[in-house]
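Novice: In case you want the letters, here they are:
Number of protein chains: 2
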Amino acid sequence: MDSSLPQRILLGPGPSVVDPRVYRAMSAPITGHMDPRFLALMKDVRAKLRRVFRADYEVTIPISGTGSAGMEAALVNFLEPGDWVCVLSAGFFAARMADIAHRAGARVHLIETEWGLPTDPERVARELAGKHPKVLAVVHGETSTGVMQPLEPLAQIARDSGALFVVDTVATLGGTPIEVQKLGIDVCYSGSQKCLGCPPGLAPITASERAMEVLRARKTPVQSWYLDLSGVEKYWGSERAYHHTAPISLIYALNEALNLIEEEGLEARWARHARNMAALNAGLAALGLEALAPPEYRMPMLATVRVPAGVDDARVRSRLLDRFNIEIAGGLGPFKGKLWRVGLMGSSSTEANVLLLLAALEMLLAEEGVMSARGAGVAAAQASMTPEAVHA
Amino acid sequence: MDSSLPQRILLGPGPSVVDPRVYRAMSAPITGHMDPRFLALMKDVRAKLRRVFRADYEVTIPISGTGSAGMEAALVNFLEPGDWVCVLSAGFFAARMADIAHRAGARVHLIETEWGLPTDPERVARELAGKHPKVLAVVHGETSTGVMQPLEPLAQIARDSGALFVVDTVATLGGTPIEVQKLGIDVCYSGSQKCLGCPPGLAPITASERAMEVLRARKTPVQSWYLDLSGVEKYWGSERAYHHTAPISLIYALNEALNLIEEEGLEARWARHARNMAALNAGLAALGLEALAPPEYRMPMLATVRVPAGVDDARVRSRLLDRFNIEIAGGLGPFKGKLWRVGLMGSSSTEANVLLLLAALEMLLAEEGVMSARGAGVAAAQASMTPEAVHA
Numbered sequence: 000m001d002s003s004l005p006q007r008i009l010l011g012p013g014p015s016v017v018d019p020r021v022y023r024a025m026s027a028p029i030t031g032h033m034d035p036r037f038l039a040l041m042k043d044v045r046a047k048l049r050r051v052f053r054a055d056y057e058v059t060i061p062i063s064g065t066g067s068a069g070m071e072a073a074l075v076n077f078l079e080p081g082d083w084v085c086v087l088s089a090g091f092f093a094a095r096m097a098d099i100a101h102r103a104g105a106r107v108h109l110i111e112t113e114w115g116l117p118t119d120p121e122r123v124a125r126e127l128a129g130k131h132p133k134v135l136a137v138v139h140g141e142t143s144t145g146v147m148q149p150l151e152p153l154a155q156i157a158r159d160s161g162a163l164f165v166v167d168t169v170a171t172l173g174g175t176p177i178e179v180q181k182l183g184i185d186v187c188y189s190g191s192q193k194c195l196g197c198p199p200g201l202a203p204i205t206a207s208e209r210a211m212e213v214l215r216a217r218k219t220p221v222q223s224w225y226l227d228l229s230g231v232e233k234y235w236g237s238e239r240a241y242h243h244t245a246p247i248s249l250i251y252a253l254n255e256a257l258n259l260i261e262e263e264g265l266e267a268r269w270a271r272h273a274r275n276m277a278a279l280n281a282g283l284a285a286l287g288l289e290a291l292a293p294p295e296y297r298m299p300m301l302a303t304v305r306v307p308a309g310v311d312d313a314r315v316r317s318r319l320l321d322r323f324n325i326e327i328a329g330g331l332g333p334f335k336g337k338l339w340r341v342g343l344m345g346s347s348s349t350e351a352n353v354l355l356l357l358a359a360l361e362m363l364l365a366e367e368g369v370m371s372a373r374g375a376g377v378a379a380a381q382a383s384m385t386p387e388a389v390h391a
Numbered sequence: 000m001d002s003s004l005p006q007r008i009l010l011g012p013g014p015s016v017v018d019p020r021v022y023r024a025m026s027a028p029i030t031g032h033m034d035p036r037f038l039a040l041m042k043d044v045r046a047k048l049r050r051v052f053r054a055d056y057e058v059t060i061p062i063s064g065t066g067s068a069g070m071e072a073a074l075v076n077f078l079e080p081g082d083w084v085c086v087l088s089a090g091f092f093a094a095r096m097a098d099i100a101h102r103a104g105a106r107v108h109l110i111e112t113e114w115g116l117p118t119d120p121e122r123v124a125r126e127l128a129g130k131h132p133k134v135l136a137v138v139h140g141e142t143s144t145g146v147m148q149p150l151e152p153l154a155q156i157a158r159d160s161g162a163l164f165v166v167d168t169v170a171t172l173g174g175t176p177i178e179v180q181k182l183g184i185d186v187c188y189s190g191s192q193k194c195l196g197c198p199p200g201l202a203p204i205t206a207s208e209r210a211m212e213v214l215r216a217r218k219t220p221v222q223s224w225y226l227d228l229s230g231v232e233k234y235w236g237s238e239r240a241y242h243h244t245a246p247i248s249l250i251y252a253l254n255e256a257l258n259l260i261e262e263e264g265l266e267a268r269w270a271r272h273a274r275n276m277a278a279l280n281a282g283l284a285a286l287g288l289e290a291l292a293p294p295e296y297r298m299p300m301l302a303t304v305r306v307p308a309g310v311d312d313a314r315v316r317s318r319l320l321d322r323f324n325i326e327i328a329g330g331l332g333p334f335k336g337k338l339w340r341v342g343l344m345g346s347s348s349t350e351a352n353v354l355l356l357l358a359a360l361e362m363l364l365a366e367e368g369v370m371s372a373r374g375a376g377v378a379a380a381q382a383s384m385t386p387e388a389v390h391a
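Residue numbers (numbering that gives the first Met the number 0), protein chains in the order written: chain A, 0 to 391; chain B, 0 to 391.
Don't take every hint at face value.
Derived DSBU-like pairs: lysine-lysine, alpha-carbon spacing no greater than 35 Å straight-line [said to hold, decoys possible]:
1) K337/A - K130/B
2) K337/A - K181/B
3) K337/B - K42/A
4) K337/B - K233/A
5) K233/B - K335/A
6) K335/B - K218/A
7) K233/A - K335/B
8) K42/B - K335/A
9) K218/A - K130/B
10) K218/B - K130/A
11) K130/A - K42/A
12) K181/B - K130/B
13) K337/B - K42/B
14) K233/A - K218/A
15) K133/A - K233/A
16) K218/B - K335/A
17) K218/B - K218/A
18) K47/A - K181/A
19) K218/B - K133/B
20) K47/A - K335/B
Honestly, the hints are just simulated from the structure, not real lab data.
Quantities reported herein were computed from a predicted structural model and do not represent experimental measurements.
Using the sequences provided together with the hints, build the complete structure.
Specialist: So, in structure tokens, the structure goes:
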């Protein structure tokens, strides 16, 4: 089967390219999931996750599911029927948060912002003045729009209103600074397959003691047995109580991906993402492509640009894939057919990928009748890649 | 990291030993999860799963979670608050079914049977006479007891009472005949890491059209967004609608594990499991170990024997692990410290593993003061491994 699968350069919103070391670790023969050697590894992985989250919260574990399972766990553990939750929605994934909260029987107060813009914290402060939602939930990096939401003012609002602050960092963790504990984020979750550089299938999550107290004080059981953090925690914690069987091979992979992060250094990794995205943005602008997100709110791991008028979105993406083995993504929801989403996440964030994508995209745009000066995108990216910039 | 992990011979209740071909397939570079090549693979995997389930149900997919996620999906999609579900409980995992159904707001009618025995279908028929539960749920192979529950009489009872028949085959699928469609099972799920021979992390599930009609006629949304089969089905089905990101590497692994099953032949695989378990049971009896499950209800992939009086359960299992790299499991719940559970699942079901386990266990039992004639267990197993038996 291996030979029939192409080697893709994954420049979409995840999964990202996985380092060969991670694949090697993943294919090590499995032990049992209650094997003392595996239990020791689980402990290691938890310690490394705490360092990536920048939080020493005891409950820090990889949920045995993809990022969306992390989202569901982050909400259903802390919401009971009738509870009031405020969801800041400015894209596809925040809407999913609201859907999940609805299913948990919570009353959802949705503060909606036009896709492509961040939520205005002053508006949130106004709407929540004198109110006490149990949870304030927000997506840090909306991969549907490319917008990164500043967290600090929202953290203050959550504190002031007494809400648990729940933040989705599925796309951002490992690729940009997120100081979970310093900011007072109560619940933060991510996905393994984006800036963490691991295949999909795990959702790291961390929960503050304050959040766990809310969980312990529940009057009703968590609706999901599988995602009930009190059961999951006993399995991953010192009790080692059997809950479910962890996806052992993926834990091996995550462990090695976290090793790579520690070897690179988290700060260096953040800087690499910022640097390569700056080059990509310069190049995309030089190709005449209009960015969706305002410059000061752009994600450093995902660029979003409008598909130029007269260009066939699907055809360009198919050609990128078939001719150059490069995957980028189209738009979601209202941006279907109208947006390209170019990710530089984890191991995908390299100078080489920036140059290749720009060179290939320029060719295909020319074939679509959109002309820029030959090499304009590459030249602009190169200009932002001077050695001084790299070592700044 | 690879070098620090021991090579275990996994003879517990799962995970089982994984074939090197499966590891190789799993470590192929990933494509995007909406890549046309991956979508084609998803379609293949679904077709192969239908053949393993022996059902041509359209909705046949691997849930992106472990077996317990499959259990939760199999219940929460078909139960609404106030619905009545009958759970046949004779062990640890059936009790989990009841827990999940409770959390879904269902009224649970539990028919409890002593651990170590199968549920008596006549009792079920009596208790359900004139009643109409929405779901009748049962565990096919209870790994907490080693008992395999005959399904045919229960299928008839489910039909008669108009209930959806939900069957847990986490431990049994691929290791013993299960004719899902012929029996009229409406919802059947399994786990990737037992007789299917894949690492843990996926829960294959199949649901009849009748079950899907119940899902479509719901008045309330499925409480879990992540496990909502209507969303998952659109992702895996012809709509290819984005739902969550599939655990791509595990799908590669499952695909190859299913290839191995097709190459061996499902019937040959069933026969292999039965044959090797017969040899193991003969050997365990010759060592003087008392089986828990009655002979006619024993699982062909898991033996359960009582820990002899005076023997330290944990010490024997630790020595098996440390000295021989062999994992077996202890008891759950009321059998903690009192039961050994020896699995021969998937690639773990070999004559070599039977002989090695018996030889090693006999040595350790002798060290614990339990003496049998030297080589007695191995001799008994050998006697059941004559070439005639193998080719019978």
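Novice: It remains to establish, for every hint, whether it holds in the given structure.
Specialist: Taking the hints in turn, this is what the structure says about them:
no.	hint	in the structure
1	K337/A - K130/B	violated, 55 Å
2	K337/A - K181/B	violated, 48 Å
3	K337/B - K42/A	holds, 28 Å
4	K337/B - K233/A	holds, 23 Å
5	K233/B - K335/A	holds, 17 Å
6	K335/B - K218/A	holds, 30 Å
7	K233/A - K335/B	holds, 17 Å
8	K42/B - K335/A	holds, 24 Å
9	K218/A - K130/B	holds, 32 Å
10	K218/B - K130/A	holds, 32 Å
11	K130/A - K42/A	violated, 40 Å
12	K181/B - K130/B	holds, 24 Å
13	K337/B - K42/B	violated, 45 Å
14	K233/A - K218/A	holds, 20 Å
15	K133/A - K233/A	holds, 25 Å
16	K218/B - K335/A	holds, 30 Å
17	K218/B - K218/A	holds, 25 Å
18	K47/A - K181/A	holds, 18 Å
19	K218/B - K133/B	holds, 14 Å
20	K47/A - K335/B	holds, 33 Å
Consistency with the previously given hints fails for numbers 1, 2, 11 and 13, ordered from lowest to highest.
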